[in-house]
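Residue numbers (our numbering), protein chains in the order written: chain A, 77 to 231; chain B, 145 to 549; chain C, 13 to 357; chain D, 4 to 181.
To be clear, the hints were calculated from the coordinates, so they are not data collected in a lab. One thing to keep in mind: the hints can contain errors.
In the EDC-like style, the derived pairs of lysine to aspartate or glutamate whose C-alpha atoms are separated by at most 16 Å in a straight line are [claimed, not checked]:
hint: 1; chain 1: A; residue 1: Lys-231; chain 2: D; residue 2: Glu-52
hint: 2; chain 1: B; residue 1: Lys-372; chain 2: A; residue 2: Asp-177
hint: 3; chain 1: A; residue 1: Lys-156; chain 2: B; residue 2: Glu-295
hint: 4; chain 1: D; residue 1: Lys-168; chain 2: B; residue 2: Asp-189
hint: 5; chain 1: B; residue 1: Lys-464; chain 2: D; residue 2: Glu-120
hint: 6; chain 1: D; residue 1: Lys-168; chain 2: B; residue 2: Glu-295
hint: 7; chain 1: B; residue 1: Lys-209; chain 2: A; residue 2: Asp-177
hint: 8; chain 1: A; residue 1: Lys-99; chain 2: B; residue 2: Asp-247
hint: 9; chain 1: D; residue 1: Lys-161; chain 2: B; residue 2: Asp-247
Computed footprint of chain D on chain C, listed as stretches where at least three residues anywhere in the stretch have a Cβ under 8 Å from a Cβ of chain D [stated by the list, open to error]:
hint: 10; region: 48 to 60
hint: 11; region: 172 to 180
hint: 12; region: 317 to 331
Here the structure is a predicted model, which is why all the values come from computation and not from measurement. Idealized CB from N, CA, C, for every residue including glycine.
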Amino acid sequence: MSELVEALKNKLGDLNPEVSEGKGFISVSVDSSKLREAAKRLLEMGFDHVKTVTAVDYMKEKQFEVIYHASSYLNTDLAKYIVELKTRIPRDNPEVDSLSDIWVSAEFLERETFEFFGINFRGHPDLRPILLLQEVADKHPLRKDFIVKEEGIFK
Amino acid sequence: MSTTTTIPKKLPGMDLKKIGKDLYEVFIGPQHPGSGHMRIIIRVDGDVIVEADPDLGYVHRTMEKLAEGREFIKIVPLMERMAILDACNITLPYVEAVEKLMDIEPPPRAKYLRVLLCEINRVASHLYGMGIFGVFLGHSTMYMWPFGDREVFVELAEKLTGARLTHTYAIPGGVRRDLPQGFKEDAEKAVRYMFKRLEEYRKIFLDNPVIQKRLIDVGIISKNLAAKLGIVGPNVRASGIKYDVRIIEPYEAYDELDFEVPVYEEGDAFARAWIRIIEIQQSLNIIRQVLEKMPEGDPMHEKFWAKAPPLYKKVFQETKRVKLIPLFANLKVPAGRAFARAEAGRGEVVYMVESQNAMKPYRVRVVSPSFRNAIVFKYIVPGHRIADLPAIYGSIDYFPPEADR
Amino acid sequence: MTDWIRLLIDIIFWPPLFQLVIAPGLVAALLVVIFIIWFERKTAARVQMRIGPYHISPRLGGFLQLFADLTRYAFQEIIIPTAVDKPIFIGAPLTALVLSLLPVVSMPYTSTPYYYPLPMDYSLLLTVALSTISPIFIVAAGWASNNKFAVIGSLRESFVITAYELLIVITALSGGVAALSYNLVDIVNAQTPFYKWMIFTNPIAALTMFAAILMATSGFPFEIPEAENEIVAGAFTEYSGLMYGINMGSAYIKRFVYSLLFTLVFLGGWLPYKPGIHLIDGYIIPLVVVLVKATIVMAIISFLRAVYGRFRIDQALDGAWRIFIPLALIGFGLALLEAYMGVYA
Amino acid sequence: MPGKVVEKQTPKPRFINAITGNLGAILVGLKYFANPNRFTLKYPYEYIELRNTYRGFIVLDMKKCIGCMSCARICPASAMKMVKVTVQEGKKPKPYPVINYNRCIFCGMCVDVCPTEALAHLPVHDVVYLSMDEMDLDLERFQQKVESPSVKEGVPVKYVFDPEKGLVKVPASEGGES
Chain A
77 MSELVEALKN
87 KLGDLNPEVS
97 EGKGFISVSV
107 DSSKLREAAK
117 RLLEMGFDHV
127 KTVTAVDYMK
137 EKQFEVIYHA
147 SSYLNTDLAK
157 YIVELKTRIP
167 RDNPEVDSLS
177 DIWVSAEFLE
187 RETFEFFGIN
197 FRGHPDLRPI
207 LLLQEVADKH
217 PLRKDFIVKE
227 EGIFK
Chain B
145 MSTTTTIPKK
155 LPGMDLKKIG
165 KDLYEVFIGP
175 QHPGSGHMRI
185 IIRVDGDVIV
195 EADPDLGYVH
205 RTMEKLAEGR
215 EFIKIVPLME
225 RMAILDACNI
235 TLPYVEAVEK
245 LMDIEPPPRA
255 KYLRVLLCEI
265 NRVASHLYGM
275 GIFGVFLGHS
285 TMYMWPFGDR
295 EVFVELAEKL
305 TGARLTHTYA
315 IPGGVRRDLP
325 QGFKEDAEKA
335 VRYMFKRLEE
345 YRKIFLDNPV
355 IQKRLIDVGI
365 ISKNLAAKLG
375 IVGPNVRASG
385 IKYDVRIIEP
395 YEAYDELDFE
405 VPVYEEGDAF
415 ARAWIRIIEI
425 QQSLNIIRQV
435 LEKMPEGDPM
445 HEKFWAKAPP
455 LYKKVFQETK
465 RVKLIPLFAN
475 LKVPAGRAFA
485 RAEAGRGEVV
495 YMVESQNAMK
505 PYRVRVVSPS
515 FRNAIVFKYI
525 VPGHRIADLP
535 AIYGSIDYFP
545 PEADR
Chain C
13 MTDWIRLLID
23 IIFWPPLFQL
33 VIAPGLVAAL
43 LVVIFIIWFE
53 RKTAARVQMR
63 IGPYHISPRL
73 GGFLQLFADL
83 TRYAFQEIII
93 PTAVDKPIFI
103 GAPLTALVLS
113 LLPVVSMPYT
123 STPYYYPLPM
133 DYSLLLTVAL
143 STISPIFIVA
153 AGWASNNKFA
163 VIGSLRESFV
173 ITAYELLIVI
183 TALSGGVAAL
193 SYNLVDIVNA
203 QTPFYKWMIF
213 TNPIAALTMF
223 AAILMATSGF
233 PFEIPEAENE
243 IVAGAFTEYS
253 GLMYGINMGS
263 AYIKRFVYSL
273 LFTLVFLGGW
283 LPYKPGIHLI
293 DGYIIPLVVV
303 LVKATIVMAI
313 ISFLRAVYGR
323 FRIDQALDGA
333 WRIFIPLALI
343 GFGLALLEAY
353 MGVYA
Chain D
4 MPGKVVEKQT
14 PKPRFINAIT
24 GNLGAILVGL
34 KYFANPNRFT
44 LKYPYEYIEL
54 RNTYRGFIVL
64 DMKKCIGCMS
74 CARICPASAM
84 KMVKVTVQEG
94 KKPKPYPVIN
104 YNRCIFCGMC
114 VDVCPTEALA
124 HLPVHDVVYL
134 SMDEMDLDLE
144 RFQQKVESPS
154 VKEGVPVKYV
164 FDPEKGLVKV
174 PASEGGES
């Protein structure tokens, strides 16, 4: 795994990535303006598809973390690894460049992230809600300020 | 009471694009006899589809949000509801991710038991897929046979876990029940029966010239396109990509078992049908091996088992049931983020679990195989005839509840 | 008193009326169709590890289930959507039902001339001609429904019609050519003894006609115009209640009529029975023989449902034009050869 | 010894398959037509006698219950709730669990987590309730064993595994442990 960490550091060196090993993945954190460039270089390295696109809402820090988990199908050596490409964006103006022209597999997943978090993917070919109706998608259910009430254990 | 009904200008979920003048727009679903709870909006030129727009979400349950409000153990039965016929496979990566965060590893016997149920589930899931595939092609016998034979494996799973479908078997730390009496003999009978039946499936379905005509060279996904679309499971292996999580990143006991993963080059619907038959055969082999190689020991991690009072051990001796210590109800998981993947029946399922050292997860992200396969409808279906849509739909084994989560 | 009975019997058994209304017409056709639907469901159930119709009359193997279904259809509300072309929407299925039944009158069921409904000289041509009228009304019914699935269904139907009609005409006429007559009575009578049944002397034409019947009546594997999981119910998507029942019924009656024709041309009709001159031995018994043979043909068609899926429309048409029409022509050539060699002379 | 990838090819249809394939399919069909293998359960007239390990309806043994609330805490569907009941005069009310079968998903976690085995599964899975309210059991009804309506009318049967026929339906008195 550490070899790949070095390789990633070399490949993405001028984008100032933070590369670290996580539990089951290699984390690559870049600035949101450099996300597209990082994705292109990962694709060049052989990471040909994404497994998930998602976001995490850090409400206290007023930030979203947009996460792409990329891996490889065609290169069996790289298939063992999952690269987590992530970036932080401000919570009040959530916009990030779409990567769905680089990774076609991200298309539906970005639509899903769009509707659940309200993150606008610039340049996405078809940015509509996919699972929810428009009315529900406007509330962005996976943001932390959308609260689902849980019951107590007493009747 | 007014007699005229006003039609709202825009019905919910009806944000349609303008279509070409000579195109005919047909809505396949959501209450269509074949498609299940999903709609594909197709635009046809004559009989040929020029554009397809899959419309998912009819059985969406916001599982990721619900998971944020629940304790870690309660998420296992929740996530099972995605694909109840593949319950162990679909929740296993979640359990693994939690185990990674807690830094515990299940005992070897638990690993084997998980593999056992996973493979029983895989057989059942593939049989379900074959059944739906059969009815899509109008082959009623191929609908009934796999559904009938799936009953054998559902019964087997019930014997092991006590529930026919939603087993909630694998939990962080181990499994909930040990192998019951006489399971090995029954499993051997079921495996022998299924091997025999697969031969008959081949005769009535795969070697049937009518079916072959419908499937060969239909819905071809080339190797590069499959990688680009990021589709998963048997579909991607039918396109010649050697990707199976059980081999790429062996989890549980898979690195100790001997099995084959079939890979086909053709990438058409016929290869996707064949690959499922071969995978069932391999799963049956794995079931046999697991029952032979199963090590003795506890099915639960000693960290939990050590705290158990004597009554728990007595119950385990008598009924093979692993009782849970009350600690499970509010399991505190150390902070961190873990990512895990597993090969479910329909393909790779991935989980990302983030904990902030609390009793409830901060974020659970799950992407199910069917959701990743849904993109096929948009990119592969155009160019085929209307009658090919069911063939492609059936061949990728799309399961709406799983995709919608 | 006996004169009255005599007169009544003469009226009832007046061949044009008797054949259209009682047997093999409406009443017998209905009974055979009900039996065949039951048989179809039971056969599929046997092959598919199920029981099939059971709960109504367990002792009869659920046979009465079909009557229950029929009752339900009869009393169900008939919904006529506002957007349909009403006269055609209602009229087309009824016309199709009547017209699909009409060919039974032009066929003989005995060799005793007294019991011919019509002059039989060109009965084969007449039967074939009459049998080709009804599908047009199914296309019309689909078109009048103003429904996308119905339009696609009737479009498929019309594609299929053009393919199978040619097949039925060629194969049926090859029987006439071999027997040197377009009179169905002559064709049947020529097929004696047993090994001279045309299914044995001209199996190619028989196979082709069998496939054409499957196509004509959307039997598996050619169940394309009604493909349930592609286009709901094809041309009949908008129909409900009794109207749907009539549509389904006329499809089965069409299959029954073609089976009768197949029986007469290829399975030796009432042979090996030799009709006498009286009512019972000259009319009823040969009729029953023909009916039984036709029912067996239908049962075989029903059995295929359990074995096959369905073709795609272009594959079925491709098969019809590129495989079955050459086969039909070979069969026709074989018939010509037989005629030249005087097999049936 | 992990698994390995094996590259395969789908069998290419040859011309001969047009005959053998059709014949094979029809013969398999005829085989089952002649010798059917039906295992449909005629449900209200027959019912499956469930194994003792089946995760069916749940019953409470109030004497064993210590009111630890583990069951209500672990219930993933919030079906099990605690109610406070005064058992003895003058003492503090004690919590006891009640269940709402509208919500119960029969995961069996409450039974497994109970430290005194006060909760137990019954081998019953089909019970008729006439209303939604009726499915919300109170403490008294939670202690009674629910009864399946099919037991009153039907014949118990059992499915046993068979290498030739998959599952075979036998009367519950036969077949032994399966």
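Going through the hints against the structure:
1. Lys-231/A to Glu-52/D: violated (34 Å)
2. Lys-372/B to Asp-177/A: holds (10 Å)
3. Lys-156/A to Glu-295/B: It is violated: about 36 Å lies between the C-alpha atoms, which goes past 16 Å.
4. Lys-168/D to Asp-189/B: violated (48 Å)
5. Lys-464/B to Glu-120/D: Between Lys-464/B and Glu-120/D the Cα gap is close to 14 Å, so the pair holds against 16 Å.
6. Lys-168/D to Glu-295/B: Holds, because 12 Å separates the two Cα atoms, which is no more than 16 Å.
7. Lys-209/B to Asp-177/A: violated (29 Å)
8. Lys-99/A to Asp-247/B: Roughly 10 Å between the alpha carbons, so the hint for Lys-99/A and Asp-247/B holds.
9. Lys-161/D to Asp-247/B: violated (44 Å)
10. 48 to 60: holds (count 5)
11. 172 to 180: Our answer is that it is violated, as 0 residues pass the Cβ test (under 8 Å) against chain D, missing three.
12. 317 to 331: holds (count 3)
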